[in-house]
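Chemist: Using the sequences plus the hints, can you model the full thing?
Those protein sequences? They're chains S and Y, same order as listed. Using the working numbering, read the first sequence as starting at 1 and increasing by one per residue. Using the working numbering, read the second sequence as starting at 1 and increasing by one per residue.
If you're looking for bench data, these hints aren't it; they were derived computationally from the structure. It cannot be assumed that every hint is accurate.
[To be verified] Coverage of chain Y stretches by chain S, computed from C-beta distances (three or more under 8 Å per stretch; other residues unrestricted):
1) 6 to 13
2) 251 to 264
3) 309 to 317
By construction, the Cβ of each residue, glycine as well, lies at the ideal position given by its N, Cα and C atoms.
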Amino acid sequence: MSRQPPQRDVAPAVQKLRVRYAKRGRLRFTSHRDIQRSLERALRRTGVPMAYSAGFSPHPKISYAGAASMGAASEAEYLEISVTQHLDPGKVRDALDAAMPPGLDIVEVVSATAGSLADQLEASEWQIELAGVGLAEADVAVIKFLEQDTVEVERMTKSGLRRFDARQAVVRLAVEGGESDDRGPCAILRLVVRHVSPAVRPDDVLTALHVVASLTPPVPPKVTRLAQGPLKQESGMVADPLAADRVA
Amino acid sequence: MPIESVFARLEPLLPQVQKPIQYVGGELNAVTKDWDAATVRWALMYPDAYEVGVPNQGVQILYEVLNEQDDVLAERTYAVWHDLEALMREHHVPQFTVDGHRPVGEFDLFGVSFSTELGYTNLLTALDLAGIPIRAAEREESHPLVVAGGHAAFNPEPIADFIDAAVLGDGEQVVLEITRIVREFKQAGSPGGRQELLFRLAQTGGVYVPQFYDVEYLDDGRIKRVVPNRHGVPWRVSKHTVMDLDAWPYPKQPLVPLAESVHERASVEIFRGCTRGCRFCQAGMITRPVRERSITGIGEMVEQSLQATGFEEVGLLSLSSADHSEIADIAHGLADRYEGTNTSLSLPSTRVDAFNIDLANELTRNGRRSGLTFAPEGGSERIRKVINKMVTEEDLIKTVAAAYSNGWRQVKLYFMCGLPTETDDDVVQIARMAREVIKTGREVSGRRDIRCTVSIGGFVPKPHTPFQWVAQLDHETTDERLKKLRDEIRSDRNYAKAIGFRYHDGKPGIVEGLLSRGDRRVGRIIEAVWADGGRFDGWSEHFSFDRWMRCADDALANEPVDVNWYTTREREFSEVLPWDHLDSGLDKDWLWEDWQDALTGVEVDDCRWTPCFDCGVCPQMQTDIEVGPTGKTLLPVTVVGSGAATLHA
Numbered sequence: 001m002s003r004q005p006p007q008r009d010v011a012p013a014v015q016k017l018r019v020r021y022a023k024r025g026r027l028r029f030t031s032h033r034d035i036q037r038s039l040e041r042a043l044r045r046t047g048v049p050m051a052y053s054a055g056f057s058p059h060p061k062i063s064y065a066g067a068a069s070m071g072a073a074s075e076a077e078y079l080e081i082s083v084t085q086h087l088d089p090g091k092v093r094d095a096l097d098a099a100m101p102p103g104l105d106i107v108e109v110v111s112a113t114a115g116s117l118a119d120q121l122e123a124s125e126w127q128i129e130l131a132g133v134g135l136a137e138a139d140v141a142v143i144k145f146l147e148q149d150t151v152e153v154e155r156m157t158k159s160g161l162r163r164f165d166a167r168q169a170v171v172r173l174a175v176e177g178g179e180s181d182d183r184g185p186c187a188i189l190r191l192v193v194r195h196v197s198p199a200v201r202p203d204d205v206l207t208a209l210h211v212v213a214s215l216t217p218p219v220p221p222k223v224t225r226l227a228q229g230p231l232k233q234e235s236g237m238v239a240d241p242l243a244a245d246r247v248a
Numbered sequence: 001m002p003i004e005s006v007f008a009r010l011e012p013l014l015p016q017v018q019k020p021i022q023y024v025g026g027e028l029n030a031v032t033k034d035w036d037a038a039t040v041r042w043a044l045m046y047p048d049a050y051e052v053g054v055p056n057q058g059v060q061i062l063y064e065v066l067n068e069q070d071d072v073l074a075e076r077t078y079a080v081w082h083d084l085e086a087l088m089r090e091h092h093v094p095q096f097t098v099d100g101h102r103p104v105g106e107f108d109l110f111g112v113s114f115s116t117e118l119g120y121t122n123l124l125t126a127l128d129l130a131g132i133p134i135r136a137a138e139r140e141e142s143h144p145l146v147v148a149g150g151h152a153a154f155n156p157e158p159i160a161d162f163i164d165a166a167v168l169g170d171g172e173q174v175v176l177e178i179t180r181i182v183r184e185f186k187q188a189g190s191p192g193g194r195q196e197l198l199f200r201l202a203q204t205g206g207v208y209v210p211q212f213y214d215v216e217y218l219d220d221g222r223i224k225r226v227v228p229n230r231h232g233v234p235w236r237v238s239k240h241t242v243m244d245l246d247a248w249p250y251p252k253q254p255l256v257p258l259a260e261s262v263h264e265r266a267s268v269e270i271f272r273g274c275t276r277g278c279r280f281c282q283a284g285m286i287t288r289p290v291r292e293r294s295i296t297g298i299g300e301m302v303e304q305s306l307q308a309t310g311f312e313e314v315g316l317l318s319l320s321s322a323d324h325s326e327i328a329d330i331a332h333g334l335a336d337r338y339e340g341t342n343t344s345l346s347l348p349s350t351r352v353d354a355f356n357i358d359l360a361n362e363l364t365r366n367g368r369r370s371g372l373t374f375a376p377e378g379g380s381e382r383i384r385k386v387i388n389k390m391v392t393e394e395d396l397i398k399t400v401a402a403a404y405s406n407g408w409r410q411v412k413l414y415f416m417c418g419l420p421t422e423t424d425d426d427v428v429q430i431a432r433m434a435r436e437v438i439k440t441g442r443e444v445s446g447r448r449d450i451r452c453t454v455s456i457g458g459f460v461p462k463p464h465t466p467f468q469w470v471a472q473l474d475h476e477t478t479d480e481r482l483k484k485l486r487d488e489i490r491s492d493r494n495y496a497k498a499i500g501f502r503y504h505d506g507k508p509g510i511v512e513g514l515l516s517r518g519d520r521r522v523g524r525i526i527e528a529v530w531a532d533g534g535r536f537d538g539w540s541e542h543f544s545f546d547r548w549m550r551c552a553d554d555a556l557a558n559e560p561v562d563v564n565w566y567t568t569r570e571r572e573f574s575e576v577l578p579w580d581h582l583d584s585g586l587d588k589d590w591l592w593e594d595w596q597d598a599l600t601g602v603e604v605d606d607c608r609w610t611p612c613f614d615c616g617v618c619p620q621m622q623t624d625i626e627v628g629p630t631g632k633t634l635l636p637v638t639v640v641g642s643g644a645a646t647l648h649a
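Modeler: Set out below in structure tokens:
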């Protein structure tokens, strides 16, 4: 038998679906690979006619854009699925959302127009809940951080310990408020950060707050991505990356 | 009173541990029921890491069977890794279930499934984290009954002090029977308390309650006798056998975890039991007789599993899958049904014969032909007669020739080292066999890039087998023999690079041997090892042979026995074995005769196609062989993934 992959009819992709999904509650502990497996199985159960790559081990054509790291929740994750038949995005959303585990929720599905989804995702808006940290303490740290031009932080990456600036990518950082319930104070930060390389993640900004103001949350902070998309330079706001597709 | 979820207390710990997803639950097809609406509540544990435990078929079957009962609730729990264990102790978070994150200590029953004895230390961790005293004698009315099951429960004596009860054999029916007894007991207001409940279970003859039996020893350390210490408790406890597999098509809704597990596929059990009669194989001996699922039942379960899970692969499980009386029709029918889809089928556990290549070809019709696995088990013709693995060298060469000429590139061969009567030569011959395999493969395929992998591990004698009396080979000799084999494989440059060599050293096998054929005195060693930090003994990076030996020396200091006595000592027919009061149906006289036949190389056939040879199981257990052919064919079904029409624009 030859080493050529077996001949099979590989149906061509006729449509690209852009999907916005959320990662909520205890499912924030899923890794990117966990989500990938979960999604592919849900697609098979719902009968979405996925386009497959050719070759010895065909895999569905799905591209994932900048997934939030394990432990971070998100209201705005994006991916793109190629399918071999023209589908109604609304019906796909409903069917897929029903098939995904609760906590991995399909928010919206649109048919993609031209252009790259990844290019649209210029910045992210994050919410960081700091249980056990008071408003005043958080305010001081944020002001000190914003006064700096650069704040060097270190993070362990796959290629070893990296040192980089966590300040310049930050477009906005503010203390939005904080609840003082029976569990004590909880400052909430809002962060808008540009997607740069190496990526500046919310935990890098927290490290920077520790560097400039010794801010040390007593329990692991809860991080949630609220939005992801084109950065409006004038306002420092993150826009909707699917706006153009929805109009089309 | 509702039981509060511990998740709120667990959540802040999760960002600090490896793979936190394994502790959050939320698997597809998992069930969380109302605590207060249930009368009987089971916590089911597979005592290993989540990634190993979650695909376990036994736990999945019982979980579903129990949850189908209106007033019964079953949740699952797994062994937590060291990092989370330390944090749970620090923050006083108890052992929890992954379904409702409820404390294990609050359930009525805590069922633990032991596929291997190496999970015993993990049982103690779970009990301790749950706030349940590790010794059954110290438990109070509020604590769950701790019930052991699985293959290792056929000799639960080493953990007799830690469990309240053990159940032998198939669990589907007996869990419902236990549930019924517990339900009636609770509804009557728990008269007589824990002791009375255990007594009611013991009286059935199908639940072993260790504390109702006393073990008496002789001066030399052997067991004198095991005797009930309470009137009304049976002398022997029987195993359970489900006769009609088609009546128990579980799991119907297999669990699909979010986390990656060791088996990323759905599994359909095509038959239970095996009468090939391999003398080393405990699974084959204790699961007799053979009971097949029908071809139509298999066809329905395969499609049902795919629709319920979205898995890409289905494994057709059994102890020797190619032995199903209608396997050719099953393979052909499923291959037809899923042709052109991205669903693949696999057939693990196959014998060495050319028929299997046809089956494997069918199941990979449109897929990749990478590797095939065979288990000749013994390197020489002589030793294969001793273990009753009836494969000739000619069979093997014919089989691999067929494989390589059909486009398979790699053949994996499984062997054991340390079999009874084995010499260095029996093992070194494996190298010759592997070279012969490569030589034949190169001839028939006309290629040089084919490979053969030899995988070998130490043989561990197991209870309820004809080899239950034999001396286990010491680990030093095992390792020397494996080294000789490795050197022999490497010695011929023409073939060395085409032959892969994988082996397990002899030390873990000695501990497995100690736990497999141990008696109640071995429990002290387990407890000492656990107290010293022993966890996850099935994982080479966590297993410490030195710790086991050190703790064994201490625990057995005042006994006339030691680790060698339990492992490398041959037993005589007259010796009372620790598991003699546990009835697997096998006649001890027959097992002994079969052991004697092994010594003279007398082979025994399979009773599915030759007359009964009186192993004892069918008359003792009132069972019979349940095999086809039924003459039926696979029912046409609408296959998964064909629902696209409803999504069209």
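Chemist: Now tell me, hint by hint, if it's right for this structure.
Modeler: Taking the hints in turn, this is what the structure says about them:
Counting residues of the stretch 6 to 13 of chain Y whose C-beta lies closer than 8 Å to any C-beta of chain S gives 3; at least three are required, and the coverage claim holds. Note: the stretch 251 to 264 of chain Y has 5 residues with beta-carbon separation from chain S under 8 Å; the three-residue rule is met and the coverage holds. Residues of the stretch 309 to 317 of chain Y lying with their CB closer than 8 Å to a CB of chain S number 4, which satisfies the three-residue condition for coverage.
In the structure shown, no violation is registered for any of the earlier numbered hints.
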